[in-house]
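Trainee: Residues per chain, in single letters:
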Amino acid sequence: MSAQQPILHFPLGGKICLAPNEWQLWSGQDEGANSTLPNLEPGSQKVLVPFSWWRSHFHAHHQNTDVLAKAKNGQIGVWFAADEDVLKHAELIEEGKEYWPLVAAHFPIFRDGRSFSTAAILRDRLSWNKEIRMIGDVLIDQLLQGARVGFDSFELRQDQDLAVAQKQFDLFSVTTQNSWRDKRTVMSAL
Amino acid sequence: MYKYDHIDQTLVDQRVAQFRDQVARRLNGTLAEEEFRPLRLQNGLYHQRHAYMLRVAIPYGLLSSTQLRTLANISEKYDRGYGHFTTRQNIQFNWITLEDTPHILADLAKVEMHAIQTSGNCIRNITSDAFAGVAGDEYVDTRPVCELLRQWSTLHPEFAHLPRKFKFAVNGAKEDRTVLLCHDVGIELKKNKDGNHGELTNGLTADIYAGGGMGRTPILGSLIKQGLLWQLLPSYLTALLRVYNRFGRRDNLYKARIKILVKALGPEEFARQVEGEWLHLQNGDDNFTRAEWDRVAKHFTKPAYQTLPTLSNEQIIAKANGVDTVAFSRWLERNVKAHQIPGYASVILSLKPHGTVAPGDATTAQMNAIANLADQYSFGELRVTHEQNLVLADVEQAKLFELWQAAKQQQVALPNVGLLTDIIACPGGDFCSLANAKSLPIAKAIQERFDDLDYLFDLGDISLNISGCINSCGHHHVGNIGVLGVDKDGQEWYQITLGGEQGNDAAIGKVIGPSFYADEIPNVITNVINTYVQERNDDESFIQTYRRLGVTPFKEAAYKNKNNAEKSLGTAS
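Heads up: the sequence lines are chains H and Y, in that order.
Start counting the first sequence at 1; every next residue gets the next number (this note's numbering).
Start counting the second sequence at 191; every next residue gets the next number (this note's numbering).
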């Protein structure tokens, strides 16, 4: 829930920078299935809601007007749990492109790589071209992998050294497989 | 063999720098051990009972003499004067310090080597036929595809934290020497003469087997894709690994391998899900190009073979001039294999001398000497076999006697390849912190018991594999005779399996019953072997006799001296 740690941004083709975190991460589980959004000051605060919560509170037959108003105002993004099957909800994600300024994918523990595939699928198959944020147990040594599969912003765990973190992205000047950021080096060499 | 270009070299150099920084952060305390662990494992560094163990990758088992000398130097400078060759064609050093590791990796990078992904929950070193490119029964030289896949899988970002480790094997020969069906993914390369193949495919296709493995749930892989054009391997494997990465179990370490997912879904459903993902990837630019093939394949052309006459065994033996002909003939029979080129042969140097410390070990001096033999007799190249021996692949038949004499001086000429004492064994409880029991003293005791070459030759082909725990690094499941170390109430016991086999008739051995104490094992093996000798028909191998008679007579023999049989542990679960 904390918004203290600045966010590391590494946009595609852009420069690495730190910026204050504008997005409050809401677990959605505080008050059970019918939980309501935290109060947001109009126009100033933004919240990342669980995708599962969005799914149950925002669909064609049940459009929560408060949520819709905030969403239309660009105040709502969604985060995907590691076990969320994004391909099952391709249509909802397609609709979400209209509202969400960003999405996030969660790492319950640093060594759980499922959200790498989530980000890759969002980029390759669902053509999500806005921000994808890495959240959860995000450590310095996952950043490079995250940046390559499709993440472009990173909410690191509070104890991580942001100065060291910022140096991770250019450790390698060559790659041997394609990624969201670049083609394998050999393609330009041959 | 493959030579790095600036891309490969830059990558390994930068990987060394990255790991140096990770080690520095570990040592200054900013990186916790729990969080460093996967990072060091992905660079081959285990923490064992006494020290760190570093596993160095030998991609598809191919090694130059220069590289072997570097390994020898590392064993002398940073270890205790030896290295251990593994069933996955790698080498391990058992007495490493964390502080030295970046220096070792830098030494390795200078000779185009690394330890990338030799451990951890990622795509591991790709293994293949130790005789690729020279085997008489080969239909496709697997090395270019292996090298392309090595590059593709190296530091693959999406698959850096899979549910569990992931092992590829690639076979292209009639006889499978890769234990293909015991791998997470087995790739069988074929050359199709029929049909209309585009210029790029060159008729080369792959059959894909998935979900094989050993460990506590041994399963043979299932065929999930036939006739895949070779250049589509990256997109197909991405789809396959993506399905595994997303849906493989992460709640239980012992159920996390892909075999459990394939078994749970059924091979057909797993294949369907992979196809579903692949549909969206197969036309992308992940796939290999002709230019990439050419870049890699040019390194696997034939060496400068001379035009030589094929020599008969009699002609080769005649080179011995009547000296040591019996011993030399035995070596020719067991340790020398047919070659594609007239006048050449492949030689297996046995790292299984009887009664030594560990199967697959080589000392610093042996490594240096073997590197010299490779230069002198085999174009400066070597291979590591799945059975933990070394191969000089391109030896002139006329020089076999000379080589044999030199190999004898290094104690690597024992003619026991494929015989009972050519034991596959993991380092076991002497080194490994996972092990329940020791493997090495068992191997030694069996070798000492059967230290009679006449008898071993009479017994013929038998494989005996020993694992110190159910992780099965000693591949006991596919040994004709398997020995598995188990822990019961803090004591070391050994379970026997029979009927396992690698190769085209791959089979998982069956547990015969209650386990034994260590000192009972040589007698148990003797009793099992005696049963074979009594029951065999002419020219029948151990496994053939076993298959004809079934387990009962062997089991009865194994327990005939056992009064207080332990309660059965049952089959592996």
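The reader is advised that the hints may include incorrect statements.
[Said to hold, decoys possible] In silico DSSO-like pairs for lysine-lysine, Cα to Cα no more than 27 Å straight-line:
hint: 1; chain 1: Y; residue 1: K415; chain 2: Y; residue 2: K193
hint: 2; chain 1: H; residue 1: K88; chain 2: Y; residue 2: K193
hint: 3; chain 1: H; residue 1: K88; chain 2: Y; residue 2: K380
hint: 4; chain 1: Y; residue 1: K445; chain 2: Y; residue 2: K193
hint: 5; chain 1: Y; residue 1: K355; chain 2: H; residue 2: K183
hint: 6; chain 1: Y; residue 1: K750; chain 2: Y; residue 2: K355
hint: 7; chain 1: H; residue 1: K88; chain 2: Y; residue 2: K445
hint: 8; chain 1: H; residue 1: K167; chain 2: Y; residue 2: K193
hint: 9; chain 1: H; residue 1: K46; chain 2: H; residue 2: K97
Hints were generated in silico from the structure; no laboratory data involved.
None of these values were measured; they are calculated from a predicted model.
Trainee: Each hint needs a verdict: does it hold in this structure or not?
Mentor: Verification of the supplied hints:
Our distance criterion of 27 Å between C-alpha atoms is broken by Y:K415 and Y:K193, whose separation comes to about 32 Å. For the proposed pair H:K88 and Y:K193, the alpha carbon gap of about 45 Å is over 27 Å, so the pair is violated. Only pairs whose Cα atoms come within 27 Å are accepted, and H:K88 paired with Y:K380 is rejected, the gap being roughly 36 Å. Simply put, Y:K445 and Y:K193 have alpha-carbon atoms about 39 Å apart, too far for the 27 Å limit, and the pair is violated.
Between the alpha carbons of Y:K355 and H:K183 the distance comes to roughly 26 Å, so the proposed pair stays at or under 27 Å and holds. The straight-line distance between the Cα atoms of Y:K750 and Y:K355 is roughly 41 Å, outside the 27 Å bound, and the hint therefore fails. As the CA atoms of H:K88 and Y:K445 are separated by approximately 25 Å, the hinted pair is consistent with the 27 Å bound. With a CA separation close to 30 Å, the supplied pair H:K167 and Y:K193 exceeds the 27 Å bound.
Between the alpha carbons of H:K46 and H:K97 the distance comes to roughly 16 Å, so the proposed pair stays at or under 27 Å and holds.
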